[in-house]
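So you can see what is in the structure, the chains are spelled out below.
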Amino acid sequence: MLRALRLTRPIGDRTYQDLRWRFVVLPAVFGATAIAVCLIAPLIGPTPISLRAVIDPTIPFANNVDAQIFFIARLPRTMAGALVGGALAAAGVVLQALLRNPLATPFTLGISAGASLGAMLIIILGAPAWLAGFPLVPVASFAGALGAVASVYALARFRRQGLSTNVLLLAGVTLNSIFSAIIMFVQYFADYTESFRAIRYLMGNLDVSSYTPILSALPLLGLAFGTFAWLPRSLNLLTLGPESAGARGVDVIKTQRLAFFSASLATGAAVALGGPIGFVGIIVPHIVRLLVGADHRIVLPASACLGAAFLVSCDVAARTILSPMELPVGVITAMLGGPFFLWLLARKR
Amino acid sequence: MLRADDLSFAYGRTEVLHGVSFRVPTGGLTGILGPNGSGKTTLLKLLAGLLSPSKGSVWIGEDEVDVSQRSRRALALQMALVPQETQLAFDYSVLEITLMGRYPHLGPLELESPGDLHVARAALAATGTAGLEQRPFSTLSGGEKQRVIIASALAQLAPSRNAKNVVASVPSVLLLDEPTASLDLSYQLEVAATLRALNIDRATAMVVSTHDLNFAASVCRDLVILRGGQVLEAGPTEEVLTAKNIRAAYDVEVDVKPHAVARHLTVVPIARVPSGIA
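Sequence order for the protein chains is A and Y. Counting from 819, one number per residue, gives the positions in the first sequence under the numbering used here. Counting from 6, one number per residue, gives the positions in the second sequence under the numbering used here.
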C-alpha cells in the first residue's frame, strides 16, 4: 500500500530535469508539511483560538488573548516538539547510514541511556532545578549523553581503519543496559516523589513552558544540522561499505567521525530538551525511504521535516486524547512506533 | 600504469605480504593468483591505497605519483576498485549506484550534471546493463550486480562530465577483487567478456585477483603468482601459467594445455600433492 504512495516514478524513467526536480520539490513538500503542522498545532487545545486573531495587527498583544495563548503557552511547546522530532529523525538517518543498519536508532549507541542517567542523578540527588541561570536537568542529561558517546567512541576506534561498526553496535547496546541497570539501582533507593519525577522525565515531555530551553538547545542543534548538510553524498557511499566508499574517493574516517559526533550532538541536545522520546528516529526515516527512495540527499532533509511534523502531531494527540489529562508524548510515539517497528522486522523476512 | 615497489604489510604482528614488486603498463591486464591467505585481497587494498604498506610504496600514472601522497578524492579520479561483493544497507536503483561513481567529480553540495547522467548511462551500456537502469539493485542476479558495480567504477574513471564516449578516457587503473567468485559459468563468461572488451577499448591498466585459473588464462595478459605473501612468479601468462608454478603455489598437480577452440591455456587439476615437494 505504501508503494502506491510513492511520490515519484522509478528513477530510470526520468529525464535529467526530473532528477533535478526531485531535489527541489521533495524537500519543499516535506518542509511545507512541517510548517503547516507547526502552525496548526498551537491552535488546538482546551481553549480554541483562531490563527486570524493571533496575527491580527490591530489588536495590541497585551489585549490579544489568542496571541498570548499562541505565543506564550503553546508555541514554545510546538517548537520544542519540532526541534526534538527533527533532530531525532535526522540523527536516526545518519546513524543508520553510519552503522549500515536500517534498524539502528539515535538511542542504539547508548546516548539516551547516558542522558537519562545524567538527568536522573540530578533529580534524585535533589539538586536545585536551576543553577546560575541554567536549568540543571537538561545540562546533566546532555553531559550524560556526551559521556556515553565518548565511551562508545573510545571503544570502537581503530587506529587507521576508522570505526568498527560492529564494536560500535555492541558497545552501544552493552552501555545501554549498564546505564539502565544503574538507573534502576538509583531509582530503587529514591523516595516516592523523586522516583515519580524521574519516571515522568524518562517518558519524555515537551512541556518546556518557556523559550529559554529552546534557545539554549539551538546552538547545539545548529552545529549538528550544519554538519548534517555536508554529509548526505558521503553517507550514500558509506552504505556500500567503507572500502567501496574509500575507493570512490570518500574520506571514510573523517565522514564517520563527522557523522558520529553530529548525530550524537543532535541526539544529546534533543534528549536534554524533551527527554528520551523513542521511535521517532526509526519510524520517520523508514517512512521517508518508502516514499522517496534511499538517496540521503533527499532522505535526510525530508526526515528532519517529517520528524518535526510527526512529533508535533503526536504531542497534539497526547494533549487532547484524554483532555484535560495529558499523556506523555513518549507513550504516544511508542504505541505508534512499537507496532510499526515489529511490522518492519516481519517485512524484512 | 601502476607499479608496486617492494610492498610489505602486516596485520598486527602477522606479516601477510613481503617484498612484493610488479608493474602493470597502461592497457595492461594483470591477474593476481595464489591460494587462500596468500595476500591477494590485501595486495589489492594496498594498491588502492585503502591500506598503507609497512614498507615499500605504490606508484601510479605516467608521472609515477606515490599513492600514499594523494588525497582519497584525487586518487579516486585515477583509480577504481570493484570489491568481491557489494552488499547494500539500503536499496538503491541501478542508476543511483552507477551515479555514485561520480562522487570524486562533485563537490559535497553539488548535484549531478546532465554530463554525469550521460557518463553513467554510457557506463551501463558498456557493461551491457543499460536495460536495468531503473531496477532496484537488490533484485539483480549476481552477474548483473557485478557488472553494475563495474559500470559504477567506469563512471568513476570517466574524466569529463561532457565526454561523448566514456570508453575513451585518460590512463587510469581498475582493480577487481575476484570478479567471478560465486558466479555461475555463464556469468563468468559474461564478466570475462566485459573485462576483455574494456581492456581493448580503454587506456586502462587492470589488475584482477582470482582463484579461477582458466578465467585468468582467458583474460589476463600477465600474471603475478603469490604464495605466503611473496611473489612466486610473475610474467606473461603463457610463460608463468605452467604446471610447475601452479604446483608450487597450490600443491596441486595440474595439466596445462592450450585449448584449440578457446585459444588460451586451460588448466585441469589432477591431484593434490604434499607441500614442499616441487
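Don't read these hints as lab results, they were simulated from the structure. Built from N, CA and C at the ideal position, the CB exists for glycine as well. A portion of the hints provided could be inaccurate.
Partial chain A-side listing against chain Y, Cβ under 10 Å, derived [said to hold, decoys possible]: (1) L917; (2) T1011; (3) S1013; (4) F1014; (5) R1015; (6) S1052; (7) G1059; (8) A1063; (9) V1068; (10) V1117.
Report the numbers of all earlier hints that the structure fails to satisfy, in ascending order. Per hint list: 2, 3, 4, 5 violated.
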